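Enquirer: Next come the chains, spelled out residue by residue.
Number of protein chains: 2
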Amino acid sequence: MVRWGGVGLGLACLMAGPGMAAETKLDLMPWPASLTVSDGRLIVDAGFKVAVTGHADPRVDRAVARFAERLRRQTGYMLASPRIEDVANAGLEVHCEGPADALPSLRMDETYTLEIAPAEAKLKATTPFGVLRGLETFLQLVAWGEDGFFVPTVVIKDRPRFPWRGLLLDSGRHFMPIEVVERTLDGMAAVKMNVLHWHLTDDQGFRIESKRFPKLHEMGSDGAYYTQDQARAIIAYAADRGIRVVPEFDMPGHTTSWLVGHPELGTGPGPYELQRRWGVFEPVLDPSREEVYQFLDGFLGEMATLFPDPYLHVGGDEVEGKPWERSPEISAFKQAHGLKSNHDFEVYFITRVSKIVTGHGKKMMGWDEVLHPDLPRTTILHSWRGPKALGQAVRMGFEGLLSYGYYLDLIFSAATHYAQDPLDKETAALGEAEKARILGGEACMWSEFVSPETIDSRIWPRAAAVAERLWSPADVRDVDDMYRRLEATSRHLAYIGITHRSSYRPMLERLAGPGPLPEALVDLADIVEPLKEYNRPQTMVYTSLTPLNRLVDAARPESDVARRFSRRVDRYLAGPNATDRDALRADLQGWREIKTQLGSALEAPPLREIQPLAADVSALAEAGLEALAYLDKKQTAEAAWWERRAAILKRPERPVHALEIAVLPPIRRLMEAARGPSK
Amino acid sequence: MVRWGGVGLGLACLMAGPGMAAETKLDLMPWPASLTVSDGRLIVDAGFKVAVTGHADPRVDRAVARFAERLRRQTGYMLASPRIEDVANAGLEVHCEGPADALPSLRMDETYTLEIAPAEAKLKATTPFGVLRGLETFLQLVAWGEDGFFVPTVVIKDRPRFPWRGLLLDSGRHFMPIEVVERTLDGMAAVKMNVLHWHLTDDQGFRIESKRFPKLHEMGSDGAYYTQDQARAIIAYAADRGIRVVPEFDMPGHTTSWLVGHPELGTGPGPYELQRRWGVFEPVLDPSREEVYQFLDGFLGEMATLFPDPYLHVGGDEVEGKPWERSPEISAFKQAHGLKSNHDFEVYFITRVSKIVTGHGKKMMGWDEVLHPDLPRTTILHSWRGPKALGQAVRMGFEGLLSYGYYLDLIFSAATHYAQDPLDKETAALGEAEKARILGGEACMWSEFVSPETIDSRIWPRAAAVAERLWSPADVRDVDDMYRRLEATSRHLAYIGITHRSSYRPMLERLAGPGPLPEALVDLADIVEPLKEYNRPQTMVYTSLTPLNRLVDAARPESDVARRFSRRVDRYLAGPNATDRDALRADLQGWREIKTQLGSALEAPPLREIQPLAADVSALAEAGLEALAYLDKKQTAEAAWWERRAAILKRPERPVHALEIAVLPPIRRLMEAARGPSK
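In the order they appear, the protein sequences are chains G and D.
Residue numbers for the first sequence follow the numbering used here, so the first one is 1 and each next one is one higher.
Residue numbers for the second sequence follow the numbering used here, so the first one is 1001 and each next one is one higher.
Keep in mind that a hint or two might mislead.
Covered by chain G, according to a simulated footprint, are these stretches of chain D (three or more residues, beta-carbon under 8 angstroms) [claimed, not checked]:
| # | region |
| --- | --- |
| 1 | 1072–1078 |
| 2 | 1426–1432 |
| 3 | 1445–1453 |
| 4 | 1541–1550 |
| 5 | 1620–1627 |
In short, the hints are calculated from the structure, not lab data.
Nothing here was measured: the structure is a model prediction, and the numbers come from that model.
Note that the Cβ used here is the ideal one computed from N, Cα and C, for glycine as well.
Using the sequences and the hints given, assemble the complete structure.
Expert: The following block contains the structure:
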């Protein structure tokens, strides 16, 4: 997929959808298909017990044990033996009606109902997978009130809108240790995502052990790869949480790491070295050679056994055709086979790979580029290009998935992702059968700029907004309510072990050096965001070994403080009032002092690069305060003021610190309002 | 041990010891036996490599792999294949001179030398255990400077002062999951502690699986126990870090949990129920019955096989003799055997248990109460009573350990623990051979008031001060320097995965409920401490199921903010100056506003109990500001002012919130100074 061009996603302005019970203030995410709240409470105290009835399944037993542990963490409770046999004494009865396949599958039944009465709750599901979903809902309902913890009395009938709700984890570019994969799965389960798309190979690393071709991982990974035992453990860990694992082996491009150990698969003589830079590279498989298909048959056969899911993703994106054009043998081959373009040549390759995949009993998936009428209709088209391409695929009879709009590495807001629907105006004209072939989507965490320390804060909580888009009814679209629930979900995820919150201050402390963390550094970090789209790599040279330990890595993709400030500015501009004015002033005064308060702390080597940023923030806040004073006095600022101050609104194009000031747009609005209507 | 009376440890005033290279500002803890610093730096960047030479040992290989992972975490680096064969290209050469036993032992050789030059570092150790210690030292030296991360050029020759440097983890009262035990071991290794004293049984729980007597753990644990496989995994995990695991099975008291499944071992007919309260309870083994010894022979034999360390702790503390006195059979038995007191009776019991323990090839340990001349001199006396009792034991020819002064659950300051030395004025008169029998000591984390969520903040960083006392030369005693290094160590421990810092704000967020965490709540939590000694249980009824999720549980045992404020007050009172005055005023002004700023947040049910605390803090800060104003104007406060304000210094005796205001003593000093000399 084109990931280095300018991918622009407009932030659509959303109407509050119908059916949102905003008055309930429940912190559920994703919002359930149907919900009725009444005015009671079921107390959840340290003596809370769970009984399991119906169809016996060890997955349910393990889920209940995890549920108890999660309840401990959320509440700080000591629960003694929470699981009991006696339904009459249970606070929660978990009833599983029937069996399910040994592994989660595309069409697994995730339906559940959760009825909470003042004396007891009952969770009922057709299969163990529904039980998993319902237990997560229960945990999200637990709140601290008058009599300790409780859950409100509700009746929830829930099922997903789309059957495929995935997260792509890119272990290729930066290796992610097992514990990162596990906690990512825990987070996914909490927001009812059900597919881990595991991007296991790329130019920078081949991350899965191959017993058949060990040079792949031995020479292609810097020693950072998953053993097959580890992969099996992850598959089991995911399955226990109702999550499928779909591996991706990207080809014929993005294959430098394969060629380090197996140069004979490429177009040149080699030797090849692992890529340390980011981008699209020339090394590519040679589709003209029969040995390449023999190799792939062996390798994919091995992987087809290791990964039990029926689907296998072969990538197919971003092929750099130049090496093909340079080779006289390949040119001759293309001519002999009537392949006019590189695209034809890639289609030839993918069509053959498709036969290999099918031969091993799997269905193939690929990115937009692989789309071709000759492929079997069991193929899934995975679209980074957007709903139009997706619509084209399903009209051709393929099933499809959307990832356009869900690229977490673009550092867009949750609202941006939330606005993207797999079924939108581009697909509105599709027939019902065609629409049904749109299976859902996947949030994508490409890993150029994430490390094990920072990846959680890049995935979470924003991925939860995608999870809701894919699970909840289409009319659940109220952005303000989404953000309210997203904040609660963010905390909730921390109890699960996601480190997006806990890593924040330690990273700032590392930057600041010994002694107490200057709160002004936190204040600054709270209102900046990493550059969006792919602007960060334009600020300096990044390699796969560049430390990701700077302010830009600590800063959150989306500033809650800025979002709240921005909303308050809008409210104030719509109707000036003292409450908002005072709050805005207090914020601005605080930010104005950041530079002074940081003082010599900015001399610490790791912080020197943000000296201009701190100065900009303080100057911007000063301008904002002046604008607020004009507005408060109902005066229009003189032209000289604007001329003097407008410069601060033009941020350096490519600051090395790679940050933008998230409160700049609302301060700009204040300033523009103070300036009065332009002539 | 008496743990419910008033145990008072005076905070001795310490002289700065000789030999402390205060000018170096290195963050080492424990401080090494010998250290020379020079003016160079060895750069530690993402290309940093480690080579291993000398005696090959898989423990060293695993330690180097962990070292690389730790370096990643501390720095945020991506390290590609840090381990290399080529010494010439290595930033660090790890050289292990010879082998060591399969398991760490009391007399293992932990010596190492670490020489860091600008171009390379060399760590040399006699055994793999010395390598472990030296790698921790290296990691503590890593700092961020001008050219990225580096270590200073040093020559360190290091070895421990005492061979036994333990931490008691009480899994009996509150069960601690495996991950807590593992991260505790990681923390211990980081500060060079080498014995996990695992208190596995107590009145509230029997936490280890017995295959021979399964009713012990099945009926005595609420289902919360370690399987034997888990225990073996912990022993291996500890051994890999050079840490021994010494289990304790406390008897004949503290045995209610044994009697639930095996009432026949007790003095009464039963049935027995697990204790939910805290204290010393009546249920006790019956030493008059031969079956009890047969049972113990079977059980201890099983445990002697499971736990490979030569030592086995049998407790022996706090026996409630009443049930023995009530039984006519026991009275007859005592008379028949010439046992005049309950103490004699216990000695009889312990002497027989000692034979059982010895019979299984182990050496026995016990608390002060077991001391008796008839015991074999291989017995270790573990003293909670203090150096005098310890001196008595070693004079009798026993070896001994000190835990008096190292009870972390008393919530004393690090300085208090740091002041306690196993060799102090009580033992000064001992001969060299007697002194050599004082093996070291153990910090004790009794678990009445800790949960898996809070235990880290109760152990760390204070246990590091004990670790230094037991490792470093006796003259390393500078308290200010200890605190400087303790703060750095606290951060360092967070990178290892200790949750003492990361759990703080989430616990406050849970209390505060939805929305942004009020910073005033953090400000308040920052200057309060849990009640000391055993005053907390006097404020309300606590059971083993009471949630430990309140402000008192989030608050740190020792407030860094209060300590810094207190030092500044002293400096200001010694020589008034504008800098300190302004800083004190800013602090006091901030605290004065806490009540107002918290405002309606204090209406949230979980925070209601701290309403009086917030009011007290604000009033106290107000009084402090007034005192500061008098002092600043060089005026003496009028008597009426003192009369009006002194009331705030008298805190409620037993507040239900169980907190004390840690800045009260320094504010009192300000107020007293403003009042002038009393007449």
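Enquirer: Can you name, in rising order, the numbers of the hints this structure does not satisfy?
Expert: 2 and 5
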